[in-house]
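Undergrad: Protein sequences appear in the order of chains A and B.
Here the working numbering is used: the first residue of the first sequence is -18, the next is one more, and so on.
Here the working numbering is used: the first residue of the second sequence is 244, the next is one more, and so on.
By construction, these hints were calculated from the structure, which means they are not laboratory data.
Fair warning: this is a prediction, and the values are worked out from it, not measured in the lab.
Wrong hints could be hidden among the right ones.
[As the list claims (entries may be wrong)] Below 25 Å or equal to it, Euclidean Cα-Cα: the simulated BS3-like pairs (lysine-lysine) are:
{"hint": "1", "chain 1": "A", "residue 1": "LYS414", "chain 2": "B", "residue 2": "LYS584"}
{"hint": "2", "chain 1": "A", "residue 1": "LYS414", "chain 2": "B", "residue 2": "LYS699"}
{"hint": "3", "chain 1": "B", "residue 1": "LYS686", "chain 2": "B", "residue 2": "LYS660"}
{"hint": "4", "chain 1": "B", "residue 1": "LYS660", "chain 2": "A", "residue 2": "LYS130"}
{"hint": "5", "chain 1": "B", "residue 1": "LYS544", "chain 2": "B", "residue 2": "LYS722"}
{"hint": "6", "chain 1": "B", "residue 1": "LYS544", "chain 2": "B", "residue 2": "LYS582"}
Listed here are the chains, written in short residue letters.
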Amino acid sequence: MRGISRRQFLQSAAALGLAATLPACRELSHYGIAIKVYLPGMQMGHALRGNTPMPNPKYERKVKVAILGSGAAGSFAAWRLKKSGAFGHDEVVIVSGPERFGNAAAGVMNGVGYPQGAHYLPLPSMASVHVRELLFEMGVIEADPFGEKPTYNERVLVHSPEDRLLINGHWQEGVVPHTGLNAEELAQQQRFFAQMQSMQHAVGNDGRKAFCIPIAQASQDAQWRSLDQMTFAAWLAQHGYTAPSLLWYLDYACRDDYGIGIKETSAWAGIHYFAARGGQAANASEGAVLTWPTGLNPLLQHLQQGQSLLEGMAVRIREQGDTVQVDVLHHGEVTRLITEHVICAMPLHVAAKIIDLSQYGFNPAQHLAPHAAWQVSNFLLKRFPDEAEHAPTQAGPQAMHDYATPLAWDNVVYSSQSLGYVNSTHQLIRAAKPANTVFTAYHAFDNEAPAAIRARLEHASAAELYHTSLADLGGVYGWDNPITARRYIEQVEITLRGHAMASPIAGFLNNPGVAALQKQSGRLLFAHSDLSGLSVFEEASWWGDVAAQKILAQR
Amino acid sequence: MREKLLILSVFIVASCGLAYELIAAALASYLMGDSVLQFSSIIGCYLFAMGIGSHLSKYVPEARTLDRFIEIELLVGLIGGLSATMLFVVFAWAAAPFRSVLYVLVFLTGTLVGMEIPLVMRELNQRKTDFAELVSRVLTFDYMGALAVSLLFPLVLAPHLGLARSALLFGLVNVGIALFTTKIFRNELAHAKLHLLRGGVVAFVLLGAMLGADKLTKWSENTLYGDEIIHAQTTPYQRLLITQWKNDTRLYINGNLQFSSRDEYRYHEALVHPVLEKLPQAKSVLVLGGGDGLAVREILKYPHIEHITLVDLDPAMTDLFTHNEKLVGFNQRALSNPKVKVVNADAAQWIEQNQQIFDAIIIDFPDPSNFALGKLYSVPMYRLVKKHLSENGLMVVQSTSPLHAPRSYWCINETLKDVGLYTTPYHAFVPSFGEWGFILAGKQSGYTPPTTYRVKTKFLDGETTRQMFFFPPDMQPVKVEANRLNNQSLVHYFEQDWSQVIR
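Okay, chain A solo, but in the shape it has when bound (with noise of 0.2 Å):
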């Protein structure tokens, strides 16, 4: 064994303390607009990455559950074992990781909050009992919670107008392509849709249905699961589609979801995008979605709701006969955890650094899944930019009308690389526009080797970041030229998620790794959206559920 010195051993104890300490943010400016760089968990993920001994744990506490990772499987989890009664107020405890609520992060400036991570929530599918109990019990759904068709609150649900494409130089109603197509691609788009459609009632052979949120409650059956084989781009190309609108329009989608284009992506999750959902609702048409100004953020609090949380990052588990040990490490401080029961609520890629997986069947360098990289770049407007006008087609009233396509929630831009812009006080009920509004303007990095985004963005430049978040923007209202950009933008903070969701690439389905980790029943437990393999809430929540249920089932 190769000893360290005693100051070798405090440099890196400082060090591993520092990056506890400062949530990695970094402060550039571009023409004068300051830019704020978070980089979530980045340092304290890489801090793990050596082999870096740590302090000796200053503090001892004992409690009955630690769920490690205050994301949406961590969360959910908490909220089950609390709505239970099975444990006292201090007996569970939430520990935060390097981000609390991981994606569902949101910001506030100048009293406009906004996502810094995931954004809405569809409307739950008939198989998401766990998603509408939760919304049933927020108020979010008023009446019959686990029906076909559940009446929501109106302010939840996404206020008209709900999204637009700009096509050719005009702003369409709607993201899927119709403007100046030909008959042709209008055709096949429709008979995608309607294949879709379809999809959603196929059933397997074991009599479940072969496309379900949640994925673990789908058909197990081969012929359905081989569409994992191939990938999107294969399938379609396959089935005749070959119009340029809709292909583009699908691949906005899987970068949308999963952070990967169509010729990634599994033809099975392609598919599943489209036939698994179907959730309905009395008062809202199909394909609804939910949101908040801050994102799916509230759903969150509303599960960390007088919930113990400990701030902090989990840094060594071990398990230790009747109990398991959790080191966490906030500040150059350890606090040692003694439990009875962990949810291990944390990305496979960070679980795998502090605890030996292969143990549980999981080998990290073989059944980890490729990550997206993302760019979440939140703008604080002092004014409302102006929206292009179009011909009037019929007279208005008066003076009163204007003839700008209104800014809609979500706006995006066909054919562009990125996916467009959201509106966060879109929500708000307001007698006049509120005098500073947030847009967010979302990037996937999609056509690079994942790791070889990550190594550069590290190190980007804030020209480099600025021109990734200005993609959409930039086109939309002329800021690529700075001096325009100044007269809106007050501030711009760019959320760099390096491993922000796992990516369902083609073969996802069929990983004996994450299936081991799914089957844990032991007093360390797993509960991750990538244990679905991709990231949406219903799975991550899901998971979170079923780790809950099954410490409930031990006790």
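Put chain B on the given structure of chain A with help from the hints.
TA: Same frame as chain A, but now just chain B:
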């Protein structure tokens, strides 16, 4: 002595010169919007024209400088003085040549004004004034004149006289200088008498125009702001414009008529009294919108009302109707009444964050002409409002026109019903708006319209009230959906309704 008089004329001439420039720019901003563009292009054009005027001044023979100076003063007075009036009339007549006429007038005035100072300097030079002294004094007074008018115009003249009459006033001052100079230097002039005669004619024309300004602006009555603008203000939220023509004062917000002082009593009596007449026990009233204080004026007629809370977005609006002497005449100083609490906040936000309960709620929001405003008439919004209404209280909503916008009107009715309120629709004829609609609502059923009123009213009595609650065959309910946030049906109805009216 005479030199000093010439220097004084420089001061006045410079003031007038700048005044025409400011008036043209302000007028162009009023009528065409985009004030930055209007101001810079007009100032640019004007300065350039002054350069040309300076250039042309060299062609004036040495012996005739004073004569030409007087002639130019008269011309500037005539053209500059009439410029604003002419522009109003041209704008009323047709919008297309307006811009051309504007720039021609600006160019002409600029050229003439550009000749003034060089001519005065040459005149002084002929009188053997020291050159350094001459340049220093002339330019000093030139710039001082500019300062004087640049303060006088926005603070005193534009608000009190209006644009047309300010221009005429400066025209008269120019003529005055011409006549004065003629009188002092009559021995040195070739055509002193002719100058006096011309000056008299121009002064007569300008005075006539000043007296007839009201009549002239009547020409442009059909255009949006043909009436004289007595107050114009751009606030962070909206553009407030108050016009006056004879005894008709009108408030426009972003170009939309809010009230006309001639018939607003019809609107506000109809808005307030069907609710309050039926609530003899009411103590507290909430008014959302209505920063003009006219609805509050009606509410204050009931002595048993103890508290009125008015929530209006724009402090500029409520300040104007609290302090402006002319405007408080209309609302009878309602907003200064100790019973009234004015809150400047976004009404929707205020109602979200406040818990107070009111016996009556009067909602006077702008028409639902866009998605943002449409939300103020939605199911969730009325749900919020309902929480603030007492069990036996009543509320009323300004609801567009059941005649011109039937789908919008009945959609608002449907939306109020959707949140479990019992509604009673009614309407009133307000000449400046047309047939206008209101919807009264409460948590209890069985509302019956008043047959008499305890307070003094100009429009309402038993018979008019009976007619207000009667819907003739051309205003029967149409089948529409409630306005929900995720479909915003009201905004679509409103657009369809009005597009058919305009055609």
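Undergrad: Hints first: check each against the structure and report whether it holds.
TA: Against the structure, the hints come out as follows:
1. Only pairs whose Cα atoms come within 25 Å are accepted, and LYS414 (chain A) paired with LYS584 (chain B) is accepted, the gap being roughly 24 Å.
2. At most 25 Å may separate the alpha-carbon atoms for a hinted pair to count; LYS414 (chain A) and LYS699 (chain B) exceed this at roughly 39 Å.
3. The straight-line distance between the Cα atoms of LYS686 (chain B) and LYS660 (chain B) is roughly 10 Å, inside the 25 Å bound, and the hint therefore holds.
4. Distance check on the hinted pair: LYS660 (chain B) and LYS130 (chain A) sit about 22 Å apart at the alpha-carbon level, within 25 Å; holds.
5. With a C-alpha separation of about 38 Å, the suggested pairing of LYS544 (chain B) with LYS722 (chain B) is violated against the 25 Å cut-off.
6. Restraint check: the Cα-Cα separation between LYS544 (chain B) and LYS582 (chain B) comes to about 12 Å, which is no more than 25 Å; the hinted pair holds.
Violated hints for the displayed structure, listed by number in ascending order: 2 and 5.
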